[in-house]
Structure formats: C-alpha cells, structure tokens
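Peer 1: Turn these sequences into a full structure, and let the hints guide you.
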Amino acid sequence: MAKHLLKFSVNGKDHALVVESHERLLDVLRDRLGLKGTKEGCGTGDCGICAVLMDGKLINSCLIFAVQARNKKIQTVEALGTADNLHPVQRAFMKWNASQCGFCIPAMLLAAKDLLDHNPSPTDDEIREATSGILCRCTGYVKIVEAVQTAASEMRK
Amino acid sequence: MRRFDMYVPEDLTDLLEYLDSHQSGVHIIANGSDLINRIQRRQVNPRVLVDLSGLSEFNYVRKEGNTIRIGAMTTISDLIASPIIDSRHDVFREAAAKFGGPSIRNVATVGGNICAASSSEDLLPVLLVLDAQVRVKSKLGERVLRLEDFLKGKRVTELKANEILVETMFHELDEQSACAFEKIGMRNSLIIAFVSATVYLKLDKKSKRAEQIRIAFNRVGGKIPERAKHTEEKLRGEVLNPQLIDDAIASLRSELRLSSDFRVSGDYRSDVACVLFKRALDRCVEKLV
Amino acid sequence: MVMVEERATVENLAKSRHLLVVGKSIERIDSLDKVLGKPIYTMDILPENALYLKVVRSTHAHALLKRVDVSKARKHPGVVAVVTAQDIPGINESTALLPDKPLLASERVRFAGEPIAAIASYDPAIAEEAVDLVEVDYAPLPAVFSPVDAFKADAPKVHPDGNIAKHMKLRKGNIEEGFKQADIIVEETYKSQFQEPVPLEPEAGFVIPEPDGSVTCVGSIQSPFHVQTGIAKILSLRPEQVRVIQAVTGGAFGPKSDEIPVDVLGMAALVAVKTRKPAALAYTREESMIGHTKRHPFVTTLKAGVKKNGALTAWETTMLADTGAYASLGPLVVIRACFHATGPYVIPHVKTDAFCVYTNNTMAGSFRGFGGPQAHFAAESHMDAIAKKLDMDPLDLRLLNMLRPGSLMATSQVVDESFGLEECVKKAIEESDWHRKREQFSKMKGPKRRGLGIALMYHGNSLGPEGSDYASVNMQIEKDGTVRFRTGLTEYGTGAPSGLIQIAAETMHLPVEYFKIDPPDTDYCNDTGPTVASRTITIGGRATQMVAGELHQKLKEIAAGMLGSSAKDVESENGVFSVRTNPRSSVSYSNVVRSAYDQGVQLKESGTFTAPKCEYDPETSQGTTYLQYTYGAVTAEVEVDTETGQLQVLKMVTAYDVGKAINPLSLEGQIEGGTVQGLGYAIMEELVHKDGVVLNPNLADYYIPTSLDIPEIKSVIVEYPGHLGPYGAKAIGEPPIVLPAPAIVNAIDNAIGVRLNEIPATPDRVLIAYKRMIEKTQKA
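Residue numbers (the numbering used here), protein chains in the order written: chain A, 1 to 157; chain B, 1001 to 1289; chain C, 2001 to 2780.
It is worth saying that the hints were derived from the structure and are not from the lab.
Cross-link-like lysine to aspartate or glutamate pairs, in silico, EDC-like; alpha carbons within 20 Å at most:
#, chain 1, residue 1, chain 2, residue 2
1, C, Lys2437, C, Asp2391
2, C, Lys2690, C, Glu2286
3, A, Lys72, B, Asp1078
4, C, Lys2714, A, Asp125
Peer 2: Structural data, given as structure tokens:
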C-alpha cells in the first residue's frame, strides 16, 4: 500500500498512473503530468496558490493526496484556453494588467471561472469572497475584481 | 515529506475490519488537510494513513422527525448549501463564513472538525450549544455519546483505535429557539479566531424568560471549545434584562481562563469574549422577535 | 558601447506633447504566458535529474560552532553530497554591502536559522531526512534581541567591531537654537515591526556545471550581476565564467535583490561543482520567512519644537534600526531614513541620527520603501501629535509647514518646480471629503466610530547616494523586423520592463508588438546594476531612450539613402519612413531593415545611461541627495469597533505626483498593490521573534491582507515632470507602501482620540489604548 494505481481525469484526459502514498495531487500534476501551471506558494494550505478544480470545486492541491483524487475530474489553468483561444477570464486579466508577478494568477483564474460558472452576475463583494482564499501580494486585488467583472459581462453575451 | 503507506477501504465494513486489525501507527484522514501539515512539521509520523474520502455515503444532511443528522464526511460547503440548514439554522453559515476560505470549506468535513478537537474548529462550539451527539462505529457495534463527552482535550477524543465517527445529530431549532455565532480574528478571511462565542437561546416570548441557554467559546479554560456552564446557570430560567446580563458577563469574566500567546493577550481575549457573548445573545433575541 | 551622461532638459520634455504609446494603458507584454500557466518560473524549468538541496540551519541565535559532523549524513543511502564551509573553493562570503556574512557558517552562528550545511539527493525527502543526521555542537554565546539593548555599550557583540554597522547624521542649522525658538516641545517614541515581504514564490534557483568549468545559474532574482559577482567569488571563478539568467520571478519586493539569491545559488553551486550535476534549491515558505531579509524594525524618538501658530522650528530624531545578524543593505536603509526623517516640511533646525544596529534576530535588508515607511510612520504620526497638542486641524499644520518650490529640504536641497505635493494634497482632501466627513465623524456615538486621517510623503528617486546609478540596454533588429530588447533590469511583477518597451516603441515610432524582451542574462546583457529603488523606468528608461534613439537614427539614415534624401529630412510614423517635404516618397520599415541586412549594416546599439552623481556632506547630509522626488498624499477612512479594537479600513485616497505615467493602468496596479501591502504593515503584519527564534514563519500566523480586507482605493495621478526620468517620469514602485501606516494611525486618532505609537495597530493594541484613554478621561 505504498504504491497505488491512480485513475483520474485531468483537463478532460484520462490517466492511469502508479503513485506513492505521500504524493500530493500538486506533486502529481506538476512532476508526473508536467502541468506546471499549478504553483506551490506555501505547502500548508494557507495561501491558495495551488488551487485547482476537482469535480468542479475549488480545492488546495497541496492538501490532497493524489490517491484521494481517484475517479475525480481535475481542471487546472492549462484547461482554460490557448493563445489562440483564450477563456474570457484570461482575456480580461490581460486587458486589466491584472497579472503582475503572475504567481497567484492560475489559482485566481480558476476561482473566477468557478464563480462565473455558478453566478453569471456577481457583485464585487461576491468576487472578493470567491477569491478570499487566495493570497496576492502584488495587485491589492483591485484589478483582479475589475477583470472578473469584465469577464462576467463578456460571458453573459 | 516522510514516507508512509495508505489504505483505501472499499466500504464501511472493510474500513472497520481494517481498523480492528491494525491499530498502531494508523491515522485516519477525511481529506488530510490537518494531517498533512502535522506530518510536514514532524509532529506526527504515521505508518499508515486510512483514506476515508471514498466513503461518500457519509456525506449527507438529513432530518428525521425533529433530529438533524449530519454525516461525518459532509463538507462545510455541502453543509451550508443544504436546504435542511435553513434560515433558522443560519448559525452554521455564520460559523462557516469565516472558517478558512472557499477552497478549505470545499474539503473540510464536519467529522474532521470534530475529531480534530481543537479551538480552531469553528463548528465545534455550534454543535456544543446545540447539545449535539456523535455516533461512532466499530466492527463490534456502535455507540452514541454526547459531543461534550467525546471531546477530551486538544486532539484527544473518545474515539478508540478501531472506531470511526460516522455522524453527528442534534435537535432542530424551533420557533422559540435561536442560535448565533460571533468570531474575531486578525483579518476578514483565512483566520483562526482569537475568540469565538456561540449562544443557543430558547426564549419564552411572552415572559422573556430564558427557558434554556447554552454558551460556548473556542476556549474557556482549556485548549478546546467548551461551554461556559457557570455563566449559563446565571441566566437559565431567568427573565432577560440588562442587569442580569451584566451580572452574567461578570460571571463569565471569572469563568474564563484564557491564555496569552504571541498574537494577543489573555486579558484581551477575555474582554472580547464578553463582548462577543453579548452580541451573540442580542442577536438570538433579535432572531426571535 | 556608449557611455553617456545626459540631463533631461525642458526641451526634451516638451517633445513629449503628442505621444502615441507612452501614457497609454496598453497590455503588459508578459501577461499572456502568465494567464496560460506556462512553465516559466524557476521550479517549472528544472533540468532533468537535478539534485535537490536541503539546508541545515542553526538552532541557536548566537553560538560558537564547536563541531559540525556531516559524516553520518554523507553515508545516508541516497545522499549524493553534503557541503559545508570546508567545501568552498573561493571566499566564504555572501553579502550585500559589508563583508560581514558567510555563505555557510563555520565558526559561529549569529541567528537562529543561519545556514551551516547543505545536503543533496535526487530525492528531496531523503535530503530532508539526512538533515537530522548532521551533528552540530553549539557553545551558546550571550545574545541580544533588541536594537535598544544592542546599542548599549555593554551589550553582547554580534560582530567584533561592535553592534553599530552605520551611523548616519543630518545636521541643519542649530538644533538648540531651534528649540529655544519654540513655544511648545512635543516628544514621542515610535516603534515599528519586522515586516515580512511574502513574495508568493519562495526563493529558488538551480546551477548547471558546464563542461568548460563555468557554471550557469538560473533563479528567482532581482539583480543578476550582483549574483554573478557573488557566485564567482565563492567558486573562485572569473565573473565571465558565471552565467546568471533570471527566470520569471513570482514577486520579490527586496529580499531577492541582494545576498539571498547568492545564498541560494551559492549553496546549489557548491553541490553542482562538487558533483558535476545540476543542483537545485527551493526554499520552503518557512525557510523563506526565516532565511531572507525583511523590513528593519525601527525605534524612533522624535522631539519637535513648534511655535504656537504651528510653524515648526526644530526637529530632532534618533532612529535605531534592527538589522539582525548581518547588515545586508541596512546601512543604506538608514541613510534614506535619515534624509527623510522630517517628512516633506520646511524646518530650519534639524538634527537626525540614524543607526543601523546588529542584533541576533533574523536579517533585515531591502524591502520596498527602504526606510521610507519607518521614517514617515514616525514623522507623520508626530505631525498629528503636534496638531493635537496645538488643537489644530492636522491638515492645516501640514499646509503651513509643507515644502514648496524654492524652499529647503532638511538636506538643504532646494525644492524645484517639479513639485506636485500641493496638488496631491488638494486632490486627496477633495476625494476624501475631508472637512465634511471629519465634522460628521466627530458627532458619532455608539461603539463603532469612524475617523479620517492624512499623511504626506516625499521619496528621493533612485539610488541617489546609495550607489552608482546606471542602467544598460542593448537593442538589435532582426531580419524579420523584430526588435530584440535586452537589459539586466528585471521584471518581477512591477510591469516596469513593459514600460521600457513602451518607451522604446515611442522613441522609434514603431508598434509595441514589434518588440520582444529577452530574459535578463549576464551573457548578453551589460551590467545594469540592481533592479531596486524604483529605478527601472527612471534610469532604465533614459538608457532605453538613448539606445532606441540611436537605433532609430540608424534606420533613418538607411531610409534616407533609399529615398535619396538626408536623415534630417526623413520622418517616421508607425513603421513608415518618408521625406518630410514629400510624404509620398516613403519606404516601409521592413524594407529599410532588409536593405540594412543587404548592405551588411548592423542594426544593433547598446548604451549605458549614468545618472549624475549626488554630492553631499557625509557628516551633515547637506547637499543634493537625490536628483528628483516623488510626492504623495494619502488619506485613510477607518471604522473602529471600540468594544473589540477591530479596524476596518473603508476607503483610501492615494494621490501621487508621478512625473509622467508611462502606463497609467500598470501604475494604478502598483499603487493599489503597494497600498494594500502598506495596509498590512499598518494593521496586521508582524514577524514575531522570541529570543531570536521566529514564532510565526508561516502564512497561517503571519497575516497579509486578503481580498476581503481591502478598502475602496481611489488613486489620483498627478504629473509634474521631473528632470531625471524619461518624459519626466518619477519613481512609483516604492512610494505607495510608505503612507498607509501613518494615515491609518492618524485616522484611528480621529475616530477614538487615541494615538498609537506602535504598529501594527492590531485589535488588542487598539483596545488597550482606548480603554486606557477612557480611564484617564474618567479620572480627570
């Protein structure tokens, strides 16, 4: 029981990997699947930088062992869009220069997408609430809120 | 991180069988958030982790008669989204609102909150004032205890090595009873409370007599959430009036033995505990008007 | 390479009247990769089969190292190498300014957490296990943990020459005379804390040993050339044998600009050189918070003399800065604090003594603001204290004493016309609804009270007296017309390098899309000094204008040749070169480039801009200390819960004279980010040491503001072009973190009548102060 066969789906693709008990979901995403978009800011679940969507729910990937992600559908920032086909939240963040150092941005984008998928017309307070578990040191959060509003309005069209 | 094995039970029977036959160096994880930190800090060195995350049958909120039953694997997010936790039971939303952040609430479980047995678990004082019970199961059967008796000290519960917590239950609030939660920390999200105060009040609306009152804080004299029973005594059965409440606050001040740490002093905690108690009590009364 | 000293003239500034790109809120050039989650940060691009390092750190705050035994660790299965001071081929030094700090401790440790050894394995868990196998015998030494204690003559010595790393003085006029002229004297002591920068990406770096004996270092860095020099010394290599590349960096704020990346890459380099394998070191968050540099705590005593009408006559300051076990850039921090100790006011008699003091706490060093926040917290709190004593509106006291063009600063530097402070104050007062709100708030009853406070600042731009202030830029046009821009100035969130591209595009009249910035790399960038002190736009921008201008001139000459004209008659606009007197005679940019290549003409220019030196008397700090100043006025509206001491900061107006906003949207982003970081400094952030051990080296117990903690922020940009920066631009990276603390502390006083002389203004401090005040009032 030190090794397990992990079957799960990441960004719409099915995977079957042998993982060790101690490997966190974050480690498997980054080191086994090469998806470096999810970052590690503290490793203790206090900053939210490692957040991904698991079965549509925002979770801290540093606090889940990979084995616990079995049969789940994981979405990381890489699922949002490509250079030629950006998700509205990605476009909006670029428009507002809401990404400064960029380290919190993957988590912020997923939190924004998650919010807008459930609440197409959020208030600024609701946006701040949705991102309240992710720390940002560069922006003061202001342009992030603006960007999410712009994305919301785009997505409502 | 240190290495360990993980056991993934197929179902409850398998889990109970495993716990019965393997008892040393075994740690149970619902999601792991609390434990991962403790492993990284070398506070605990498990041999085997038993992963409960697949036991989805324990993620429920049900009402049976007048009893609300919450499965141990219910996440905080699922709890507050349940229609059974209606506006009368908003206290759960009040407590959840400032517990961690959205991503923490999506994985933290009610059972995890209870078994962590720590003053940083905001649901515990709420369940204590609701006089909740817990059901634990083992291969040999099950038992029901009062939550109060289940919690023994910091990170210490009544749970035996071969037992698992499966649900918590409490009597639902009726139109004469209300519950309110107050918390204060250093910022507005991702906080562990300096102080939290929860009040349960059953009020005779005509006489304004407090037929039943229960008060709990994240800490009273020890390191876990507890009820302030001496202060409850001062109010139980009495007609609520400002003088009575002041006396109760004075009693509370002497009942509280709150320690200082590098964040804030014990005196500050006591002062604020009294303020939050009064605010929670006032809100209970408001909710019943 | 061209070395040119140039002063921006009013004529140059006049040319900035019709700008196409500068002054526009265009999208940053680094956003796309970041929103796509591309693998661009240090830990995303590790070489295959890199070794991972774990660091063995001192558990004592001050001790002799009697024995360091790594033999068991070396033998542990899976451990590939262990390095100690003995393994250093060159000099055991990793420093910022003074030669006071080793890379790895050998005889003595001076702070709890100081690196002693590093262990390398292909499996980080094994390296971590082996940390426990290193045996260290400590002989504890007496230790000292406060700058006040360390300042005393009989204090334990942290360094052989004593505990004072720097004493900076300012003397203007005659302080005794100044106090004689005063009607009232106001004296207070102010205390501020260790603020932890918390870049969201902890320190990281890796080193690849090259076959020719050189090394390639990649890391999360602000200053590649400082790292190059440092690693070369450690490895006993020539600087040319050390290549340093900055990977995309997830936040910095100061700790990544000096010795810390040299620590990280130095340890990795020792392993890489020893094993001939790539070696990587990534600090955990805990290590980062213990091991890297933070903001200096200050203890500041201020004594001011003032006339009954509010005119300041004397200002005497003593500052003790706790620099921790090693000085880092502490001496320069106290220099800046010394110069700014009065705040932006006219005071005839000034005496300032600022001391950089060693203790056995963890290190303090560069952090956004660099002494400005501490100086202004004290000075601007003191202005309100004075106003309170005189029963004067704190705004009126400030307006009475404020600097104005022609007046003298504390350094006797004359304020020039590039002075936007008055307008900043005016706008801040308007936007905050100062008079009406303060009137309204004074009448509030009930447990929740509101208050409105103000603070003013000035910020001498760039390095000034802190060092040689230069920047280098290389530009090259490729065959397809792409303009490759190379500089050693680094992007770590500020957006400033994107701003340089805007300046280059403006200068060359080309679309921004034609430009590409290469990663800062010592192989192909010229030494450009550190990316600090908000100097990228000001100094880097001047270098950019210069080099872009020369490249543009070259293009015009080629175009002129093709058009049968002379360069002075050729104009260009948006990639089209034409003859001024005959616009239909034109040639496209891409054809000009092709022609250049055909003719074998190199479309390549590089240059260094060096700012004029600042001259001042080091004994009295009288003279020109900075070439231009940024000014600002900030108001804070707070609500205080008088029963719990909790604060909510509701609204802040942040008005800055930025000279010229190169990209207003990015600039606002910097203002907002700095304001929130300053708000954290004011009310919730404190890295707590007990006997030298950090009690809260994690993000659960060290609180930075979340999205639910931010006030409404109204940014006002005012432009009074300066003489130093391109288009008159002034430094804006650091100023926004300076004023939230005094503005909030002053607002608290307005709300509940209590002056807090210590930050952070946590709920318990507020409540205790409030209750004391109530008791006092009741007794009276």
